[in-house]
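Student: So you can see what is in the structure, the chains are spelled out below.
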Amino acid sequence: MTDLAMLSVTEAADAFAKGEASAEAMVRASLARIDAHDGQVNSVIRLDREAALEAAAAQDKARAAGAKPGPLTGVPMMHKDMYYRAGRVSTCGSKIRRDFRPTKTATVLERLDAAGAIDMGTLNMAEFAQNPTGHNAHFGDCHNPWNLPYCTGGSSSGSGAGVAARFFAAALGSDTGGSIRLPASICGVTGIKGTQTRVSRSGVMPLSFSMDNVGPLTRTARDAARIMTVISGQDPLDATSAPEPVPDYEAALTGDLRGVGVAVPREWFFDGADEVVVKGFEAALDALKARGATVTWVSCPALRAIGTYVAVVSRVEAATIHANWMREHPGDYAIHLSGRLYGGYAIPGTHYLEALSRRGPLLRQFCREAFAGHHIVATPTLRMRVPTLAETSIDANADNWARHMAISSNTRPFNYLGIPTVSIPCGFDDRGLPIGLQLSARPFAEGRALQAADAFQRETDWHARVPAL
Amino acid sequence: MPNDPSPEMMAAIRLWSGVECPNAAAARGLEDFPALMAEFEALRGTLVFEDEPSSFEAALRAEQEKQA
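Chains as they are written, first to last, in the numbering used here: chain A, 54 to 522; chain B, 323 to 390.
Next comes chain A alone, as it looks inside the complex (with noise of 0.2 Å):
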């Protein structure tokens, strides 16, 4: 039989709905991956497994006196330790927080719980979410499992590491520069944020309360269009949360892009790429054509600005939020990080007003300038080839933030814009390290993304390989 720990998360759901595979025997598989190699990858922070295998345990039963099952009943989950769950600690990557019980459960949490997703644990990921490279100096960094030297990407280092590894079926991560595609890129999953407002934030750690999403990093397009069916909508709890209706985006998924405009921009995401993922990019452009999509290079000027604008805001907003402790303990955190948020305090409100009163009129002009004509908008998720630790850690040497920031350079124009982004596999480098291929769509048009993304994965392959741990 199939190792279950393999299922993604339609194929689980699907074989718990027909009686194939119990609950408990996913969880249990799930279990065994985790303990027999996340002693390398560092993906998990809390395990919760007596909990799971008696959640499973119920809905094992419940199933047998003739219960329905929901999108996601006997689907093993783990999410980044930011989502809050009532008397459960949420370390959210820190020493700062190492004992925070919070109060009340996330609203995403709630929403896959009621879907029947069975909650593993919480996963590791960068202090505060604030790193692209899976770095943590109090839970130890966590390693890419396709070569463990190498950066998971971050913020949502365990999601996408886990993923990989096949240690569970989905996790949620969030995206505040580019914190889900980034180690979806680098881990070779799919990852999507949507748009902004589109999944609520309530319960959920905040970072910079202008760009944080919630989204999941999953193994499929399909898995991702579940789930996100399952996490967006309105929510009284969140008072920005969009009203927008939420279809299914699974029933979006035909694998037929005829009529579908992909637009490339000549700015910005090519600057300094390396060789290797502008070629594994171009072949993916074939991929989506061959799926009957028509590709154009535009030219996207207001992504000069973009770029500027969008330094600043993350960058204010969590220096904000971290105020105090950066004024009575910045020593409990890490070095890279209270640096990162130190420089916050230097830019003047001016500037920090002037770059979010431009989102709307850049959001108008870049739609004008990418969209016109097309629908979806494809990049590379990371301009480099994937980065070893020691060459992104700024903790052992300052020389490495230029490095280090270069990572999200294409991941963050999007929170900037607010449109629904996802990245997929589509390669190799040349040194065994997944290559990612972002696509992004219109304000509230996941599905188009989603239908995009899970087209691809139809016409390649790259999405299905397992690293060998």
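Take the hints with a grain of salt, since some may be wrong.
As the list claims (entries may be wrong) - One side of the interface only, derived from the structure: several residues of chain A facing chain B at Cβ under 10 Å: (1) 140; (2) 248; (3) 295; (4) 376; (5) 396; (6) 399; (7) 414; (8) 416; (9) 417; (10) 458; (11) 494; (12) 496.
What the hints assert, rightly or not - With a straight-line Cα cutoff of 20 Å, these simulated SDA-like cross-link-like pairs (lysine to any residue) come out: (13) B:388 <-> A:81; (14) B:388 <-> A:485; (15) A:114 <-> A:75; (16) B:388 <-> A:123; (17) A:342 <-> A:417; (18) A:157 <-> A:139; (19) B:388 <-> A:139; (20) B:388 <-> A:114; (21) B:388 <-> A:75; (22) B:388 <-> A:321; (23) A:332 <-> A:351; (24) B:388 <-> A:297; (25) A:71 <-> A:81; (26) A:332 <-> A:321; (27) A:121 <-> A:77; (28) B:388 <-> A:422; (29) B:388 <-> A:296; (30) B:388 <-> A:312; (31) B:388 <-> A:298; (32) B:388 <-> A:305; (33) B:388 <-> A:299; (34) A:148 <-> B:344; (35) A:332 <-> A:121; (36) B:388 <-> A:157; (37) A:71 <-> A:123; (38) B:388 <-> A:309; (39) B:388 <-> A:121; (40) A:148 <-> B:345.
None of these hints come from the bench; they were simulated from the model. Virtual Cβ for every residue (Gly too), placed ideally from N, Cα, C.
With chain A held as given, fit chain B onto it using these hints.
Tutor: Using the frame of chain A, we list chain B on its own:
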């Protein structure tokens, strides 16, 4: 602008926010700021009076994909 504005920025951070420079990496991070300042300088004039107040959320709604 001085060649290295870091001392002035550190003084302003201490004065406005009461935060001390925590480590050498933080000081190193400030070295990026002249480039950021230059980028802002290049954008001067693009924010016009009539743009304010602007609504990002309204732009999200307005720029949705039109149904075929």
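Student: Against each hint, give a clear statement of whether it holds in the structure.
Tutor: We went through each hint and held it up to the structure:
With 10 Å as the threshold, the beta carbon of residue 140 of chain A stays out of range of chain B, its nearest partner Cβ sitting at about 33 Å, so the hint is violated. Interface restraint check: residue 248 of chain A against chain B, minimum CB-CB distance 6 Å, threshold 10 Å, status holds. With a least beta-carbon distance of about 8 Å to chain B, the hint placing residue 295 of chain A at the interface is held under the 10 Å criterion. The beta carbon of residue 376 of chain A is positioned within 10 Å of a beta carbon in chain B (closest approach about 6 Å), and the interface hint is therefore held.
Annotation: residue 396 of chain A was flagged as interfacial toward chain B, and the flag holds, the nearest CB pair being 5 Å apart, inside 10 Å. This hint holds: residue 399 of chain A has a C-beta 4 Å from the nearest C-beta of chain B, less than the 10 Å allowed. With a cut of 10 Å, the hint placing residue 414 of chain A at the interface with chain B holds, because the nearest CB-to-CB distance is about 6 Å. With its C-beta approaching chain B no nearer than about 5 Å, residue 416 of chain A sits inside the 10 Å limit, and its interface hint holds.
Below 10 Å, beta-carbon pairs count as interface contacts, and residue 417 of chain A has one with chain B at about 5 Å; its hint therefore holds. Taking 10 Å as the C-beta cut-off, the interface hint given for residue 458 of chain A holds, the closest approach to chain B being about 8 Å. Taking 10 Å as the C-beta contact cut-off toward chain B, the hint placing residue 494 of chain A at the interface holds, the least distance being around 7 Å. Contact between residue 496 of chain A and chain B, as hinted, is supported at the beta carbon level, the nearest pair being about 4 Å apart and thus within 10 Å.
Pair hint residue 388 of chain B plus residue 81 of chain A does not hold up; C-alpha atoms about 46 Å apart against a cutoff of 20 Å. A C-alpha spacing of about 41 Å is found between residue 388 of chain B and residue 485 of chain A, which places the hinted pair above 20 Å, so the restraint is violated. Taking the CA atoms of residue 114 of chain A and residue 75 of chain A, the gap is about 10 Å. The hint holds against a cut of 20 Å. A C-alpha spacing of about 32 Å is found between residue 388 of chain B and residue 123 of chain A, which places the hinted pair above 20 Å, so the restraint is violated.
At most 20 Å may separate the alpha-carbon atoms for a hinted pair to count; residue 342 of chain A and residue 417 of chain A exceed this at roughly 27 Å. A hinted pair counts as satisfied when its Cα atoms are at most 20 Å apart, and residue 157 of chain A with residue 139 of chain A qualifies at roughly 4 Å. Taking the CA atoms of residue 388 of chain B and residue 139 of chain A, the gap is near 41 Å; set against the 20 Å cutoff, the hint is violated. At roughly 46 Å between alpha-carbon atoms, residue 388 of chain B and residue 114 of chain A are farther apart than 20 Å, so this suggested pair is violated.
Restraint check for residue 388 of chain B and residue 75 of chain A: not satisfied, since their Cα atoms lie roughly 43 Å apart, outside the 20 Å limit. At roughly 27 Å between alpha-carbon atoms, residue 388 of chain B and residue 321 of chain A are farther apart than 20 Å, so this suggested pair is violated. At roughly 19 Å between alpha-carbon atoms, residue 332 of chain A and residue 351 of chain A fall within 20 Å of each other, so this suggested pair holds. Proximity of residue 388 of chain B to residue 297 of chain A is assessed by CA-CA distance (about 14 Å); at most 20 Å being required, the pair is judged to hold.
Of the supplied pair hints, the one linking residue 71 of chain A and residue 81 of chain A holds, its CA atoms being roughly 19 Å apart against a limit of 20 Å. With a CA separation close to 17 Å, the supplied pair residue 332 of chain A and residue 321 of chain A stays within the 20 Å bound. Distance check on the hinted pair: residue 121 of chain A and residue 77 of chain A sit about 17 Å apart at the alpha-carbon level, within 20 Å; holds. Only pairs whose Cα atoms come within 20 Å are accepted, and residue 388 of chain B paired with residue 422 of chain A is accepted, the gap being roughly 16 Å.
A hinted pair counts as satisfied when its Cα atoms are at most 20 Å apart, and residue 388 of chain B with residue 296 of chain A qualifies at roughly 18 Å. The suggested pairing of residue 388 of chain B with residue 312 of chain A holds, with an alpha-carbon distance near 14 Å, which does not exceed 20 Å. Restraint check: the Cα-Cα separation between residue 388 of chain B and residue 298 of chain A comes to about 15 Å, which is no more than 20 Å; the hinted pair holds. For the hint pairing residue 388 of chain B with residue 305 of chain A, the CA-to-CA distance comes to about 15 Å; that is within 20 Å, so the pair holds.
Proposed proximity of residue 388 of chain B and residue 299 of chain A is supported: the alpha carbons are some 16 Å apart, at most 20 Å. The straight-line distance between the Cα atoms of residue 148 of chain A and residue 344 of chain B is roughly 16 Å, inside the 20 Å bound, and the hint therefore holds. At most 20 Å may separate the alpha-carbon atoms for a hinted pair to count; residue 332 of chain A and residue 121 of chain A exceed this at roughly 47 Å. Annotation: proposed proximity of residue 388 of chain B to residue 157 of chain A is violated, straight-line Cα distance about 38 Å (limit 20 Å).
Between residue 71 of chain A and residue 123 of chain A, the direct Cα distance comes to roughly 12 Å. Compliance with the 20 Å bound is thereby established for this hinted pair. Of the pairs offered as hints, the one joining residue 388 of chain B and residue 309 of chain A holds, with about 19 Å between alpha carbons and a cut-off of 20 Å not exceeded. Among the hinted pairs, residue 388 of chain B with residue 121 of chain A is inconsistent with the structure: their alpha-carbon atoms are about 36 Å apart, more than 20 Å. Between residue 148 of chain A and residue 345 of chain B, the direct Cα distance comes to roughly 18 Å. Compliance with the 20 Å bound is thereby established for this hinted pair.
Violated hints, in rising order: 1, 13, 14, 16, 17, 19, 20, 21, 22, 35, 36, 39; the structure is consistent with all others.
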